[in-house]
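Knowing the structure of chain A, use the given hints to seat chain B on it.
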Amino acid sequence: MVDFLLAFAVGGAICVAAQLVLDLTKLTPAHIMVLFVSLGAVVSGLGLYGPLVKIGGAGATVPLTGFGHALVQGMLEDVRQFGILGLFSGGLRATAVGITSAVVFGYLMAILFNPKG
Amino acid sequence: MPGQGLREGKEPRYQLGLQPKGFTDGKKIGKQTVVFHNRPVVLATASVAGPKEGKGPLGRYYDIVKEDTLFGERTWEKAEARLLEEAANLAVKKANLKTQEVDYLLAGDLLNQLIASNLAAREISIPFLGLYGACATMSEALTLAAVLVDGRYGKYALAAASSHHDSAERQYRYPTEMGNQRPPTAQWTVTGAGAALVGASGEGPVITCATVGTVVDIGLKDPNDMGSAMAPAAAETIWQHFQDTGRKPEDYDLIATGDLASVGKGIALDLLKKSGFHLGRNYTDCGVMVYDPSQDVQAGASGCGCSAIVFAGYLMKELAEGRIQRLLLVATGALLSPTSYQQGESIPCIAHAVAVENQRSVKGGAGIG
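Those protein sequence lines, which keep their order, are chains A and B.
For the first sequence, numbering that gives the first Met the number 0 begins at 0 and goes up steadily by one.
For the second sequence, numbering that gives the first Met the number 0 begins at 0 and goes up steadily by one.
Hints are supplied without guarantee of correctness; some may be wrong.
Derived CB-CB ranges, DEER-like [stated by the list, open to error]:
# : chain 1 : residue 1 : chain 2 : residue 2 : range
1 : A       : Pro28     : B       : His36     : 51 to 59 Å
2 : B       : Asp291    : A       : Pro50     : 44 to 52 Å
3 : B       : Gly201    : A       : Leu23     : 53 to 61 Å
4 : A       : Ile110    : B       : Gly178    : 37 to 45 Å
5 : B       : Pro126    : A       : Val102    : 32 to 40 Å
6 : B       : Gly150    : A       : Met108    : 53 to 61 Å
7 : B       : Met177    : A       : Leu19     : 15 to 23 Å
8 : A       : Gly11     : B       : Tyr340    : 49 to 57 Å
9 : B       : Asn111    : A       : Gly97     : 32 to 40 Å
Source of the hints: derived by calculation from the structure; they are not laboratory data.
Positions of the beta carbon are idealized from the N, C-alpha and C atoms, including for glycine.
Chain A extracted, bound-state conformation (with noise of 0.2 Å):
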């Protein structure tokens, strides 16, 4: 139950944090998607995202600082690995489950529905 609530909070936070650089600033939503997964890279580069996540869960890495994160990481990961070619293999490898459900069930979706918009 306490794992609920940290996510809750954690995750509340990041989109709080979001929801007011929208109200607050000129910024539109693509220049906000953009910016948080950079800001989600950065932390994680400093090394500070792994704590958040290991406090919040899913509620660090299901938002778009998320995937920052997530891009970093196997970058990390890779280049220990594979020495630095692993800066170009490594974000993709890590963040492949979410790119490639994200275009088959967009391509689903698009053949099941009609746009309305």
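Same frame as chain A, but now just chain B:
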């Protein structure tokens, strides 16, 4: 520089009855105003509105209120074309005319290449001139219809404009299905079309004069706050109208701007106040009339359809019933394109003013020219 005169608050340079005839034969007065001496008549108007508009405070004034926003069409664009087509046909029918008798169709919308108007005009065989004035299209169309009829280039001209919330969102912002959040300054594009049949003679209010606006750009770039961008253009055109005609705000029973909505309306009032024109209870904005604040539309309504359905639906009935004798319709347009916005360009804006008056008011009151 545009707006110079407005800010300096100069005295009117032109007075009634003092117009030199000259080249324009008194048809143009002052800097930007045309006068229609032959008094083109607004014979009939028609308005077709979407379901959300139908639930708004003016819902009962529209001729047709649609139950959904696609009305059996496959795309939003075709749905918008249908709105325009129905409004145009209904206006012709209400004037007891046939479309073959109408000399011109002047229409516009917000979509690329005016596709809604083009598709509608494909169905209505009236000689067609497509107009782009963004949300100022209704008064632009009325002005040109009056010019054509007053100049005896035809007996009947049909002025029309349309917009559709979903096609406009796709055109200017994001597909609605992305579900992006809307900031409080954003406006809700009206799903609706209005048409007005202007004729050389007959019963109905007459178009006495029109002030063609200049493009005003105060450097704002936020497409989610177009009311603030358009307000100076509206104030500029209203100011110029008073300069050119010698009229004052109190000469009008109602001055209605197009779609400044709650944010832009206050700015326009302030700007005019600073240049010495106090608009009071006889000023309103179509953008705050279409929806009830409970309808979650942020700052209010916008779109070509906004001033079109308010004019064709509500204001014309107010004129017919004598609650308004003299109306100044100042439709306002933000002339941005998605490309210009992405390139960081600020928003050019425009407003055109058209004076529509009951015939009694023209004969009795301070007419122009």
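Now for the hints, and whether the structure bears them out:
no., hint, in the structure
1, A/Pro28 with B/His36: 51 to 59 Å, "holds, 53 Å"
2, B/Asp291 with A/Pro50: 44 to 52 Å, "holds, 50 Å"
3, B/Gly201 with A/Leu23: 53 to 61 Å, "holds, 56 Å"
4, A/Ile110 with B/Gly178: 37 to 45 Å, "violated, 21 Å"
5, B/Pro126 with A/Val102: 32 to 40 Å, "violated, 50 Å"
6, B/Gly150 with A/Met108: 53 to 61 Å, "holds, 56 Å"
7, B/Met177 with A/Leu19: 15 to 23 Å, "holds, 21 Å"
8, A/Gly11 with B/Tyr340: 49 to 57 Å, "violated, 33 Å"
9, B/Asn111 with A/Gly97: 32 to 40 Å, "holds, 35 Å"
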